[in-house]
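Peer 1: So the chains spell out like this:
2 protein chains.
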Amino acid sequence: MTSTLPVQHLLERHRQQFPGLANKAYFNYGGQGPMPQAALAALQQAHLHIQQVGPFSNGSNAWIHQETQQTRQTIATELGATAETITLTDSVSTGCNIALWGIEWQPSDRILITDCEHQSIIAAVQEIQRRFGVVVDVCPLLATLNQGDPVSAIAQHLTANTRLVVLSHILWNTGQVLPLAEIVAACHAYPTQEHPVRVLVDAAQSVGVLPLDLAVLEADFYAFTGHKWWCGPAGVGGLYIRPEALETLRPTFIGWRGITTDANGQPSGWERGGKRFEVATSDYALYPALRVAIATQSEWGSIEARYQRIQSLSAYLWQQLRELPSVHCLRTTAPEAGLVSFQLVDQVSGRSHRQLAQFLEGQNLMVRTILNPDCVRACVHYLTLESEIDRLVAGVQQFCQMVG
Amino acid sequence: MTSTLPVQHLLERHRQQFPGLANKAYFNYGGQGPMPQAALAALQQAHLHIQQVGPFSNGSNAWIHQETQQTRQTIATELGATAETITLTDSVSTGCNIALWGIEWQPSDRILITDCEHQSIIAAVQEIQRRFGVVVDVCPLLATLNQGDPVSAIAQHLTANTRLVVLSHILWNTGQVLPLAEIVAACHAYPTQEHPVRVLVDAAQSVGVLPLDLAVLEADFYAFTGHKWWCGPAGVGGLYIRPEALETLRPTFIGWRGITTDANGQPSGWERGGKRFEVATSDYALYPALRVAIATQSEWGSIEARYQRIQSLSAYLWQQLRELPSVHCLRTTAPEAGLVSFQLVDQVSGRSHRQLAQFLEGQNLMVRTILNPDCVRACVHYLTLESEIDRLVAGVQQFCQMVG
Chain D
1 MTSTLPVQHL
11 LERHRQQFPG
21 LANKAYFNYG
31 GQGPMPQAAL
41 AALQQAHLHI
51 QQVGPFSNGS
61 NAWIHQETQQ
71 TRQTIATELG
81 ATAETITLTD
91 SVSTGCNIAL
101 WGIEWQPSDR
111 ILITDCEHQS
121 IIAAVQEIQR
131 RFGVVVDVCP
141 LLATLNQGDP
151 VSAIAQHLTA
161 NTRLVVLSHI
171 LWNTGQVLPL
181 AEIVAACHAY
191 PTQEHPVRVL
201 VDAAQSVGVL
211 PLDLAVLEAD
221 FYAFTGHKWW
231 CGPAGVGGLY
241 IRPEALETLR
251 PTFIGWRGIT
261 TDANGQPSGW
271 ERGGKRFEVA
281 TSDYALYPAL
291 RVAIATQSEW
301 GSIEARYQRI
311 QSLSAYLWQQ
321 LRELPSVHCL
331 RTTAPEAGLV
341 SFQLVDQVSG
351 RSHRQLAQFL
361 EGQNLMVRTI
371 LNPDCVRACV
381 HYLTLESEID
391 RLVAGVQQFC
401 QMVG
Chain H
1001 MTSTLPVQHL
1011 LERHRQQFPG
1021 LANKAYFNYG
1031 GQGPMPQAAL
1041 AALQQAHLHI
1051 QQVGPFSNGS
1061 NAWIHQETQQ
1071 TRQTIATELG
1081 ATAETITLTD
1091 SVSTGCNIAL
1101 WGIEWQPSDR
1111 ILITDCEHQS
1121 IIAAVQEIQR
1131 RFGVVVDVCP
1141 LLATLNQGDP
1151 VSAIAQHLTA
1161 NTRLVVLSHI
1171 LWNTGQVLPL
1181 AEIVAACHAY
1191 PTQEHPVRVL
1201 VDAAQSVGVL
1211 PLDLAVLEAD
1221 FYAFTGHKWW
1231 CGPAGVGGLY
1241 IRPEALETLR
1251 PTFIGWRGIT
1261 TDANGQPSGW
1271 ERGGKRFEVA
1281 TSDYALYPAL
1291 RVAIATQSEW
1301 GSIEARYQRI
1311 QSLSAYLWQQ
1321 LRELPSVHCL
1331 RTTAPEAGLV
1341 SFQLVDQVSG
1351 RSHRQLAQFL
1361 EGQNLMVRTI
1371 LNPDCVRACV
1381 HYLTLESEID
1391 RLVAGVQQFC
1401 QMVG
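Just so you know, the protein sequences line up as chains D and H, in that order. Using the working numbering, the first residue of the first sequence is number 1, and each one after it goes up by one. Using the working numbering, the first residue of the second sequence is number 1001, and each one after it goes up by one.
Do not rely on the hints blindly, as some may be mistaken.
Claimed, not checked - Just some of the chain D residues that point at chain H, by a computed CB distance under 10 Å:
1) G20
2) Q119
3) V125
4) P233
5) T261
6) D262
7) S282
8) V345
9) A357
10) Q363
11) N372
12) P373
Stated by the list, open to error - Keeping only pairs whose Cα atoms sit at most 25 Å apart, straight-line, the calculated SDA-like set for lysine to any residue is:
13) K1275(H) <-> K1024(H)
14) K1275(H) <-> R131(D)
15) K1024(H) <-> N58(D)
If you are wondering where the hints come from, they were derived from the structure by calculation, not from laboratory data. Each residue gets a CB set at the ideal place from its N, CA and C atoms; glycine is no exception.
Make the full structure from the sequences, and use the hints.
Peer 2: Shown next, in the form of structure tokens:
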């Protein structure tokens, strides 16, 4: 793949804003994205501003209120939602926990979770199961990576007592993009005994990658973070809650940010919208930093343009890896997003994927291992250079030759 | 009160490390403490380091692991505890929620809460009541500010079904320091039906003020934050859990930080100690910044020396306020810690406490209002200058004269 020269030139200039990209070839965007310099500066500036006007004062409280509002609005605009549907959180896991623990579970309820979810959410679901006696069903989606239909796989596992379906929009292990709108439609249409089937989406790998219109997707809970594909700071993310699902969801972890108080300062109810699930003091300086990170990406191109570039780059990486005799790509066709997962084939089994990842990190090529399925995951973003991909492929080849 | 000149000189030099103190007279330490410059620098340096070695890599993961361990250890040392008893959280409220939701409530259980708690924890307790049908008893401690015995007030409200007592070590509204060791002893000695009485302490106003030895105090749950009296960044705090209470407390909000995984990456159990209650990705840069903030305070003096200075300064403020005819101090004797709460007496009732706080903020004198009881709260730290107190008292006097 050869980019036209002007685009390449623009990208190299754009990349200079990301100090984390200067000294390495980076393929861990799905773990954490590199922050643009302007976001790092916004963080520091916000901290200094808080010291200047407060740290605790009417002035700083007004600033915090404005920052939280603006950040909910910026996020909402990116996701095709309204600010009231957004809860600011510190991580994807917290967003998932808000949804999971906010449902008033009955022992007859069932949760359907896929076999490709992150250990964070599996562990939370298992504790819900233990505490409330609900039944957990597992839907095999790994097998649908290259054939079969994830929509019917999920639909086949729904029951009259299924109350929640837990899945990722983009599977963190294989990179498969699930047809979320169709899955949600099948869940919402399913005739249940008492409660409608709600859909909780782990959006760790989809926000900042896919063009999204949550109002159209109709997922009930969509939990995401700013520090992966949006390249914001670690420690700030959010949860979208569909208005239809909000009214029956109870706040669990509770603090002053989510409640209203009366004239005597006593709790009198919940804040409107997603704010009711926010707890208490945070590192508010993260909020302007996240907005700056999102704005920096938009300067390069629209989400559609970025997604298109991600797809062409991941196809390029996938194709090159496929040509290596010692490498097996999990997908038999080009990836749909930025995650490219592959395995070392038998002849190099004397060495583990962990050793490959360590070898590559020694060459400043950053990838990660996944345990289920056992593989190496390399992520490309719109920021990735073709030359970085070439270096990565050469590094993998070198490792395989050393072993062979 | 006149400080000896060398101490005053040292303090003025020490204060120059806090940019937030340069342009105002600050009395909101109980809301948020000003960060030392070195902590702000540590924050920025940590963010740059993460970009340098990662942001996601074996190198950055090792750095994060080391930072979390060191921060738990630093906190534990300050509190007279071991690192394993510490859970890192983002706020006091989160720490309280971990304790509140981690108990497996039965409808026959009772919670005893004082009438002086923060709305955050009242609201969380009310939701526990609603979800699990437990009974909530309220113990009147406001009336013990100047007379009576808080220990017997609490002891009198214990029942055979009391499972948890919720109280603050230092009451955020009146500044009263509760005799925690005696209260805990009374709770633990109380003969209950099934479960021992556990004690959850809101330590928002005590950590960084009182010399503490949690191993001796024996409170079961002690929830605190770094951003108030420790002058750390907002967004990092912790929860101490007494070893005897840890084994029966279940994690509620759950993520990868708190769990162990097997060879296939599937959840296999909980991490040891307090770490099991930590959820997922945070702004890890806050950790070194908090440690630097704690170290900066230690450079000025030990916690005992700082507490002594806080007490002499709050006595000085209390005494001066008492002499104003339009002011009523809530306490009839000098405060025990840094919080000084006072009211405007009837003749100035045409104006509210909120107006007083706004008037003072206009003069760069930062205080806050409290609604229960209706009062103004001014906090002094070891950092406070006598001249700042004089300016505050003059400001209050000026407001009263304007009204009169």
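Peer 1: So, for every hint listed, does it hold in this structure?
Peer 2: Verification of the supplied hints:
1. G20: Hint holds; G20(D) Cβ to chain H Cβ min 4 Å, cut 10 Å.
2. Q119: holds (5 Å)
3. V125: Since chain H brings a Cβ to about 9 Å from V125(D), closer than 10 Å, the hint holds.
4. P233: holds (6 Å)
5. T261: Result: holds, 5 Å to nearest chain H Cβ.
6. D262: Holds. Min distance 8 Å.
7. S282: Status holds, d = 5 Å.
8. V345: violated (20 Å)
9. A357: Nearest chain H Cβ about 7 Å off; hint holds.
10. Q363: violated (12 Å)
11. N372: Holds. Min distance 5 Å.
12. P373: holds (9 Å)
13. K1275(H) <-> K1024(H): violated (39 Å)
14. K1275(H) <-> R131(D): Holds. K1275(H) to R131(D) sits at ~20 Å (cutoff 25 Å).
15. K1024(H) <-> N58(D): holds (14 Å)
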